[in-house]
Amino acid sequence: MSAPILVVEGLHGRIAGQQVVEDVSFEVPASGVTALLGRNGVGKTSTIKSILGLIDRTGDVRLGGERIDRLPTHRIVQRGVGYVPEDREVFGSLSVAENLRLAERDDRPRRELIERLFPDIHARRAQRAGTLSGGQQQMVSLARALVNENRLLLVDEPTKGLAPRIVDEVAAALAEAAKTVPILLVEQNLHVIRKLAERVVVLSGGRVVFSGSAADLLDDEARIQRYLGVATDESAHDAVPAASIDITEELR
Amino acid sequence: MNQQLTDSAPASTGSATEAPAPAPDGKAGGEASTRRPLALLIGGIALVVVLAILPLLAIEIPGVLPGPTYTPGTLQLLAYAMLIAALALSYRMMFGLAGLLSFGHALFFAAGAYGLGMALEYFAPVEWPSELIFLASIVVTLVFGIVLAATVGSLALRVTGISFAMVTLAFAQAGSVLIRRNPGGATGGDEGLSLDIANVPDALVGVLNTRNLYWLALGILVFVYLVVLWVERSRAGHVAEATRENELRVRVLGIRPYRVKFLIFIVASTLAAIAGMGYLLLQSGAAPRIATADFTLTILVIVVLGGVGYRWGAIVGGIVYTLLDQRLTALAGSDFIAGLPAVLRVPLSEPLFILGTLFILVVLFLPGGIAGIPQRIRTGRKQHPVESEEAADA
Amino acid sequence: MSTVLLLVITGLGLGALYFLVASGLSLIYGLMGVLNFAHGAFLTIAAFLGWEVGRRVSDGTWWGLLLSALVGMIVGAIVAAATEYFLIRRLYERHIEQALVTVGLSLASVALFEGIWGTDPIYTAKPDWLTQTTEILGAKIPNDRFLLIACAALVLGGIVLFLRRTRYGLIIRAGVENRSMVTALGIDVRRSFTLVFAIGGAAAGLGGVLASVYYGYVSAHLGSVLLIFAFIVTVIGGLGSLTGAAIASVLVAVLQQFANFYLGGTGDLVVVIALAAVLLVRPRGLMGKVA
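Protein chains in written order, with the working numbering: chain A, 66 to 317; chain B, 130 to 523; chain C, 52 to 342.
Derived by calculation from the structure, the hints in this document are not laboratory data.
Do not rely on the hints blindly, as some may be mistaken.
[Stated by the list, open to error] Which bits of chain A does chain C cover? Going by a derived footprint, with three or more residues having C-beta under 8 Å, they are:
1. 85-92
2. 127-139
3. 166-180
Built from N, CA and C at the ideal position, the CB exists for glycine as well.
So that you can see chain A by itself, here it is in the shape it has in the complex (with noise of 0.2 Å):
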């Protein structure tokens, strides 16, 4: 197999002078899917936020061999790093063109393979996003991150509050993505998993406590138990670091 795409080592990342990401290392293999995975307000969010320098990192983190660590988040995504965040944040008083629009960053955006992945949205062009249902928002934010060419995708929950229907579209749409990109998906829904990912990473207090092949972790009733199932004490201790991403979104 060839080099990782992304090395990630000793990464720690803050919000508001909180330690939210500590020490966190993992690899992510040039081609297919790898999923992030851990108890809700674990730290999965940040560890993204924190690789692409939305939020204070130090650390380790190489793209293809190239330091990113100490990039700006936009030199990071011109270097061909895909992102579609937690809670699709389309832009909601533009409309669905000027979303897509304004994520291209190619000369020759694959526009007809957005329009054949999302044929509904394609039709939808001159709508406001903000009026678009959850769905067909997360549609936007995919396809704001397809229309490029990249070399790495970081998906955050695309999955999170849809329809069933509206899941299988959408991992439909990454697992043909996944055929030319390799992908960094964090994702509650184990199905979509067991579709998608062929390796996991799994984070429990802000570290990765597992690190395998998807199959391994899957297959292993009592694994999935402990690193993923339902909430206990500790939970209620990442509420705090959780609300802080809120009170960092409001005062912007």
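Based on the hints, put chains B and C in the right spot on chain A.
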């Protein structure tokens, strides 16, 4: 409400943003930490004593003070500086401790000055002993200040951040407009209000008694300092500080930050009103300038200049600013400046230009303000007392 | 009826001035979170330099006024862009310090203007037509009101076109909504900061020249007075919303005129009360984005 203020036992030195040395001498830095509070207390008392006997001495600092320390001119300037320092201290409690960026603090200073002036005028025809009238006027003004603070605070604190700043600005602007409009001849409009001395104790009237006014100003400054210290060390102070750092976490703990903010708003505003009363007596009147947004901005400049993270920064800022303002004005009128070419003469003859520029430089290059300099020298690292919690969004 | 019409049109004229200042304030705050106290100074320096150039070329003519307006816009844009580039940018993401720097700049520049041009207002000449009135439905409307309204409408249209039709406009609109997501699409959003300052400065600069036409003088405090009302307008309209700023400008100015006329000169007070009321009922303003 009072329960909130009960002293929570061993006064910790506070958070990282708090200066280790609350007294202006700063000598205690090297001492063992157990002896520090005592050394600070002695240093603080010594400083107050030195300031108190200043009018009896003849110290001359050429270029800083206009004359020897016993002369009325110098005492007047020093007293004014101390009142501004007291006002800045009250503002720092709100902005620095509780993180409430108000653009309306001048309103309460003006409420104290104009309130006392108008109360004295209103009570003048009453057949009471003049001491009683003086006292009654002070009480009435205090009550007025508290009611005003409670009204503005309860409305403004319903919103946060920039909106809070704007509501306070709006109220202050309304006050300023009202004062300039001179309703019923009560405020004197643009001319300002002159003090009706009929019922002011003789000891506080006239140039010869300037040193009494000086002592009054010193007393106000010490009083304000002690109240601010008390609030900061109290449970309310700690909650306010925690709220500034992370409001949600405080809420999660089941504490409602609104009440604490409200309390601090009222205390700070009342202290400002007290400083305003001192101002009226010292200046024998009140000018509409003290109610303007510009005056609040000046106080903000003073607090930042001195160092937001430090209690005594506000005092240093207030005194440095007042002296600079006064000396720069004197400099502006000097022959030296008049002899310069226009390119230099014009900017240098505008004290506010120099102060504004100085202020910009302090914000850009000296985030801890003047009071932060010793700390910076000791630790050799930068710190931003107010905004340290902001996540850098690269 | 004629009084009402006069008040409305005068209010619209004054609202035009407010809008020219508030549009920049609102965009700057919306995109960058910077409360720009120096905006009044941009206006004042533009008014002074516009007047200096205009009177030297041909005082009191349309050409002179046009030249003043051009100079004012260019000066406003340059000064504003320089402020962003040399002062604001150094304090990236530290909003309180950014506001403080603009406070310092505003204090220093007003003092400097007083040093250069004196503390008294300097009366300005304007084309004859602007000193006359036009009768509409029995109301004698001073002609300068029409000029103000037309200019503000042009600026509003221009900014809207820019925001709708250009890539930078797209970035600015998206940035006002969610700045970090714009950077996460690989766009250096900081580049548009200077641009927004320049646009806001140009609008304020034009506002400065027009304010000198409306008031009939230039003075070092021209900007400070308008700035406070522009702040109020910006907050009422909703920080970051251009449409909100436009609507609030008109509402505030018209309200002010009516209160001044019918309620014994209480226009300023009524505006302040309106601000408090709007903030308490709807803290994000009329058209502001959800916080």
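Status of the hints after comparison with the structure:
Chain C is given as covering the stretch 85-92 of chain A, and this is violated because 0 residues of the stretch bring a CB closer than 8 Å to a CB of that chain, at least three being needed. Coverage of the stretch 127-139 of chain A by chain C holds. Counting CB-CB distances below 8 Å, 3 residues qualify, and the rule asks for three or more. Here the stretch 166-180 of chain A counts 4 residues with a CB under 8 Å from a CB of chain C, which clears the bar of 3, and the coverage holds.
Checked against the numbered hints above, the structure violates only hint 1.
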